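Student: Chain by chain, the residues:
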Amino acid sequence: MFASFTFARIPADYEDLRATARRLAKEAVADRPMDVCARSWSGYDAEFSRKLGAAGLLGLTLPKEYGGGGMGPFARFVVVEELLAAGAPVAAHWIADRQSAPLILNFGTEAQRHAYIPAICRGESLFAIGMSEPGSGSDLASVRTRAERRGDGWRLNGQKIWTSGAMHADRMIALVRTSGSAEDRHRGLSQVIVDLHAPGVTVRPIKDLAGDAHFAEVFFDDVALPSDALVGEEGQGWQQVTAELAFERSGPERIYSSVVLLDGWLAHLRSTGRADAATTALVGGMIARLATLRAMSIACTALLEAGESPVVEASIVKDLGTAFEQDLPLAIADNLASHRDEPVSDELRRTLEYVTLVAPSFSLRGGAREILRGIIARGLGLR
Amino acid sequence: MDRSELAQPFERMIAGLFPPGRVREGNGWDAERREIEASGFLDLLAGDDALAFDHAVPLFIVLGRHAAPLGIGREMIARGGLGDGAEAILLAAAIAGAGERVLEMAVAYANDRVQFGKPIGKQQAVQQNLALMAEHVVAVRLAAELAAADFPDGGAMKAAVAKATASELAPRIASAAHAVCGAMGIGMEHDLQLFTRRLHQWRAEAGSETLHSRALGIAVLADDRSAVDWVRAEVFREA
Chain F
1 MFASFTFARI
11 PADYEDLRAT
21 ARRLAKEAVA
31 DRPMDVCARS
41 WSGYDAEFSR
51 KLGAAGLLGL
61 TLPKEYGGGG
71 MGPFARFVVV
81 EELLAAGAPV
91 AAHWIADRQS
101 APLILNFGTE
111 AQRHAYIPAI
121 CRGESLFAIG
131 MSEPGSGSDL
141 ASVRTRAERR
151 GDGWRLNGQK
161 IWTSGAMHAD
171 RMIALVRTSG
181 SAEDRHRGLS
191 QVIVDLHAPG
201 VTVRPIKDLA
211 GDAHFAEVFF
221 DDVALPSDAL
231 VGEEGQGWQQ
241 VTAELAFERS
251 GPERIYSSVV
261 LLDGWLAHLR
271 STGRADAATT
281 ALVGGMIARL
291 ATLRAMSIAC
301 TALLEAGESP
311 VVEASIVKDL
321 GTAFEQDLPL
331 AIADNLASHR
341 DEPVSDELRR
351 TLEYVTLVAP
361 SFSLRGGARE
371 ILRGIIARGL
381 GLR
Chain A
1 MDRSELAQPF
11 ERMIAGLFPP
21 GRVREGNGWD
31 AERREIEASG
41 FLDLLAGDDA
51 LAFDHAVPLF
61 IVLGRHAAPL
71 GIGREMIARG
81 GLGDGAEAIL
91 LAAAIAGAGE
101 RVLEMAVAYA
111 NDRVQFGKPI
121 GKQQAVQQNL
131 ALMAEHVVAV
141 RLAAELAAAD
151 FPDGGAMKAA
161 VAKATASELA
171 PRIASAAHAV
181 CGAMGIGMEH
191 DLQLFTRRLH
201 QWRAEAGSET
211 LHSRALGIAV
221 LADDRSAVDW
231 VRAEVFREA
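Residue numbers (the working numbering), protein chains in the order written: chain F, 1 to 383; chain A, 1 to 239.
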């Protein structure tokens, strides 16, 4: 079962790349408190992203002719691992680098590739993903935002929500209906590139439960799109989105969301010298899960490297990985609160509080747990 | 050598020697020993031209898949002069094999058993449980494969990762299989119990999850590296 999903090693060629990523990440987080580092995914720092671009650490898997690194998925694994393990702010390039550029490479025209990819590789172009709508979350095929042919181009009307980084982004790649109605499901959907500075676009930040505003709702009121806004083929949006999500689900980002907190807790235990039996078992159990998940994520990366589309395997990594990320704050809170006479720094306390509050999102973003298990069940031959 | 080149003849031999009826009778395998001895499999891990250790993982997965006596594996480990770490890692592989087998049995049963007018495998609640079970089976196998790579380099910590993971997940895999197979799986006549009883037994052998987790925890807390750096260096043995 899943016989090709098997142990693999990261090729040794990427050690220089790792060293560069580590150095830049360390510089970026030097003055940041732990609870700010814990916001790695949503940490917006345009200057840092440009530095990564200048150092050749963005667009690693994209062809050199578009300004990319011309390397394989393992190069990206190594760099992302270093950035997230350090808690570096990645939001300003995250989506464009991970999803938008590969999507444009795979489905875009030659002109679109030259127009968008080089700037993404320099860390100068921010993209957002327009998938969710108020009435369309897990049931993504029910989107109602509509682009209609008007003259040479299109007119866009509708609304997206929970769009990460939309207030900073230059463009959005939106999944919209270009024909038929919501009842037509997967048919009649397309992906379009929307200039978020265009007239008729309104971006309204949404505050999350931790007080941050990293996602937004985006309104389209008769927005004029040029003819070349369409990415890929009209009506093929669903197939394109499915392929795009496979990039999103298997990387180290599905293991490391709580790793800054884990390191903060380890530092606390080391400084207090507390190594009681319950604590060492807890630490070791988490380390065993981390190691196993890393082996699984690397195995998945090897499948991507071999040109496969490991949709089921990526879902396995994401479901187990996010469960690990979510268990960490709960276990750490219990461990600290069971030693009430032991002082805990404000920084660690704030980090724990933040990760505890946002942890539910780890298994929502990029496909909810129940949806992933449905994909795995299909892989098992149950659907 | 391709790992499947070894595993396939081993699988045929073990499946032939230990059909479910034979496994039911007991743990002795004296009658089968001569045949296995003659096949040369017991010496695969021994001698100058011994098999690379990570190639032993698929063989132990086969033992687990057929609920075969672990004495075969122990004999191989002893002849190879391999220590406790090897046994813990290969037990994890056997757990992965037994886990794979009960997953197949549970999926087949879910597709077969009709209730409320349709196979129970069409019920989302059942699908969700089987999906999680598959995740756990894959996790145990990857942990064993990770630990076996470059053994005995970093052996103690790798063995701890593999056995902590396998022992943690073995009872969850077993209980998920029983939940799907219902009363059928509780019967002595049903093959499921051949595998789930061994999942529980192998979970405890060579140390349970808490024992191995503690060993890891003590080592990590005695160090000053970050979690990811420690795992990369001490378990993955990356530069």
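Calculated from the structure, these hints are not laboratory results. As the structure is a computational prediction, the values presented were derived from the model and not from experiment. We treat Cβ as the ideally placed atom computed from N, Cα and C, and that holds for glycine. There could be a bad hint or two in this list.
[To be verified] Label pairs and their in silico Cβ distance ranges:
(1) A125/A with E110/F: 26 to 32 Å
(2) D139/F with A233/A: 31 to 37 Å
(3) V114/A with E370/F: 21 to 27 Å
(4) D229/A with H168/F: 39 to 45 Å
(5) R383/F with H200/A: 40 to 46 Å
(6) D276/F with R33/A: 35 to 41 Å
(7) A50/A with R383/F: 41 to 47 Å
(8) D229/A with A210/F: 46 to 52 Å
(9) S39/A with A19/F: 33 to 39 Å
(10) A52/A with R383/F: 52 to 58 Å
[Unchecked claim] A short list of chain F residues far from chain A (calculated; beta carbon distances all over 10 Å):
(11) E15
(12) D228
(13) G285
(14) L348
Student: Evaluate each hint against the coordinates.
Tutor: Against the structure, the hints:
1. A125/A with E110/F: 26 to 32 Å: violated, 49 Å
2. D139/F with A233/A: 31 to 37 Å: This hint is violated: roughly 45 Å between Cβ atoms.
3. V114/A with E370/F: 21 to 27 Å: Cβ of V114/A to Cβ of E370/F: about 24 Å, so the range 21 to 27 Å holds.
4. D229/A with H168/F: 39 to 45 Å: violated, 31 Å
5. R383/F with H200/A: 40 to 46 Å: violated, 31 Å
6. D276/F with R33/A: 35 to 41 Å: Violated - the Cβ-Cβ distance for D276/F and R33/A, about 46 Å, lies outside 35 to 41 Å.
7. A50/A with R383/F: 41 to 47 Å: holds, 45 Å
8. D229/A with A210/F: 46 to 52 Å: violated, 28 Å
9. S39/A with A19/F: 33 to 39 Å: violated, 49 Å
10. A52/A with R383/F: 52 to 58 Å: Violated: the Cβ-Cβ distance is about 39 Å, outside 52 to 58 Å.
11. E15: violated, 6 Å
12. D228: holds, 41 Å
13. G285: G285/F is in fact no farther than 10 Å from some Cβ atom of chain A, at 4 Å.
14. L348: L348/F is indeed farther than 10 Å from all Cβ atoms of chain A, at 15 Å.
Checked against the numbered hints above, the structure violates hints 1, 2, 4, 5, 6, 8, 9, 10, 11 and 13; every other hint is satisfied.
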